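Given chain Y, work out where chain V should sit, using these hints.
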Amino acid sequence: QQPVQSPQAVILREGEDAVINCSSSKALYSVHWYRQKHGEAPVFLMILLKGGEQKGHDKISASFNEKKQQSSLYLTASQLSYSGTYFCGTEPELTGAQKLVFGQGTRLTINP
Amino acid sequence: DTEVTQTPKHLVMGMTNKKSLKCEQHMGHRAMYWYKQKAKKPPELMFVYSYEKLSINESVPSRFSPECPNSSLLNLHLHALQPEDSALYLCASSQDQFPHTGELFFGEGSRLTVL
Chain Y
1 QQPVQSPQAV ILREGEDAVI NCSSSKALYS VHWYRQKHGE APVFLMILLK GGEQKGHDKI
61 SASFNEKKQQ SSLYLTASQL SYSGTYFCGT EPELTGAQKL VFGQGTRLTI NP
Chain V
1 DTEVTQTPKH LVMGMTNKKS LKCEQHMGHR AMYWYKQKAK KPPELMFVYS YEKLSINESV
61 PSRFSPECPN SSLLNLHLHA LQPEDSALYL CASSQDQFPH TGELFFGEGS RLTVL
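Protein chains in written order, with the working numbering: chain Y, 1 to 112; chain V, 1 to 115.
Hints in this document: simulated from the structure, not taken from any laboratory. A couple of the hints might just be wrong.
What the hints assert, rightly or not - Covered by chain V, according to a simulated footprint, are these stretches of chain Y (three or more residues, beta-carbon under 8 Å):
(1) 42-49
(2) 98-108
To be verified - Calculated lysine-lysine pairs in the DSS-like style (CA-CA distance at most 27 Å, straight line):
(3) K38/V / K37/Y
(4) K26/Y / K40/V
(5) K37/Y / K9/V
(6) K38/V / K26/Y
(7) K41/V / K37/Y
(8) K99/Y / K53/V
(9) K59/Y / K37/Y
(10) K40/V / K59/Y
(11) K41/V / K68/Y
(12) K38/V / K22/V
(13) K41/V / K9/V
(14) K40/V / K99/Y
(15) K9/V / K99/Y
(16) K40/V / K37/Y
(17) K18/V / K53/V
Said to hold, decoys possible - Between beta-carbon pairs, the in silico distance windows are:
(18) R107/Y / Q95/V: 28 to 34 Å
(19) T113/V / T76/Y: 37 to 43 Å
(20) V43/Y / S55/V: 23 to 29 Å
(21) M15/V / G39/Y: 23 to 29 Å
(22) G15/Y / P8/V: 39 to 45 Å
(23) P7/Y / E67/V: 38 to 44 Å
(24) S62/V / E16/Y: 44 to 50 Å
(25) S59/V / N21/Y: 28 to 34 Å
(26) S65/V / G51/Y: 38 to 44 Å
This structure is a prediction, so every number in the text was calculated from the model and none was measured. Using N, Cα and C, we set each Cβ at its ideal position, and we do this for glycine too.
Just chain Y, same shape as in the assembly:
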């Protein structure tokens, strides 16, 4: 079942912060985050595993609330290069066919 992302679109000025949310109705094993720029392939950002661990690199971090089956992606002091569409992908817990299902995406536009 497809995870739900919010918001669908965000427009920011350079230097502002953004939060993108991803929620699932199923118990999750992991949440993945990818960014896709227009005309390019999706690029991996990070994985969060069951256990609620927060991860991050540079000014992009993410958390995974296992109890709520929700993940949030935090972009601080946004840069122009952060523009693109962000997809979360979820893997269900170890039952049935294991596959990654992507949310509908959040389009992030960073203006100077």
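Coordinates of chain V only, in the frame set by chain Y:
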């Protein structure tokens, strides 16, 4: 080499044509994937190969036929496609099939137009 290479980048075909999309990776990954992506939509999983065997087919119409000749190559054979099959076809690979803790490496995609 951390690349997934897809050819061709663009393909235009008629509904009666037979064509193939190719994907190659040399990272030693044991799982390879085909995704379909329509404009402004997320990638949708089509097929998964694990250790050169088809492990997931997401009820894809038989006009799409995947093939994994070896651990580095993945093909998608196309025959009698419909205009609604026009999309970006993305190939990806990962160390192992889900569940996994590694990333998916995506190719740049093959943009297919069916006339």
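Verification of the hints:
no.: 1; hint: 42-49; in the structure: holds (count 5)
no.: 2; hint: 98-108; in the structure: holds (count 8)
no.: 3; hint: K38/V / K37/Y; in the structure: 14 Å, holds
no.: 4; hint: K26/Y / K40/V; in the structure: 25 Å, holds
no.: 5; hint: K37/Y / K9/V; in the structure: 17 Å, holds
no.: 6; hint: K38/V / K26/Y; in the structure: 25 Å, holds
no.: 7; hint: K41/V / K37/Y; in the structure: 13 Å, holds
no.: 8; hint: K99/Y / K53/V; in the structure: 15 Å, holds
no.: 9; hint: K59/Y / K37/Y; in the structure: 18 Å, holds
no.: 10; hint: K40/V / K59/Y; in the structure: 26 Å, holds
no.: 11; hint: K41/V / K68/Y; in the structure: 25 Å, holds
no.: 12; hint: K38/V / K22/V; in the structure: 19 Å, holds
no.: 13; hint: K41/V / K9/V; in the structure: 19 Å, holds
no.: 14; hint: K40/V / K99/Y; in the structure: 21 Å, holds
no.: 15; hint: K9/V / K99/Y; in the structure: 26 Å, holds
no.: 16; hint: K40/V / K37/Y; in the structure: 11 Å, holds
no.: 17; hint: K18/V / K53/V; in the structure: 23 Å, holds
no.: 18; hint: R107/Y / Q95/V: 28 to 34 Å; in the structure: 30 Å, holds
no.: 19; hint: T113/V / T76/Y: 37 to 43 Å; in the structure: 40 Å, holds
no.: 20; hint: V43/Y / S55/V: 23 to 29 Å; in the structure: 25 Å, holds
no.: 21; hint: M15/V / G39/Y: 23 to 29 Å; in the structure: 26 Å, holds
no.: 22; hint: G15/Y / P8/V: 39 to 45 Å; in the structure: 41 Å, holds
no.: 23; hint: P7/Y / E67/V: 38 to 44 Å; in the structure: 40 Å, holds
no.: 24; hint: S62/V / E16/Y: 44 to 50 Å; in the structure: 49 Å, holds
no.: 25; hint: S59/V / N21/Y: 28 to 34 Å; in the structure: 30 Å, holds
no.: 26; hint: S65/V / G51/Y: 38 to 44 Å; in the structure: 40 Å, holds
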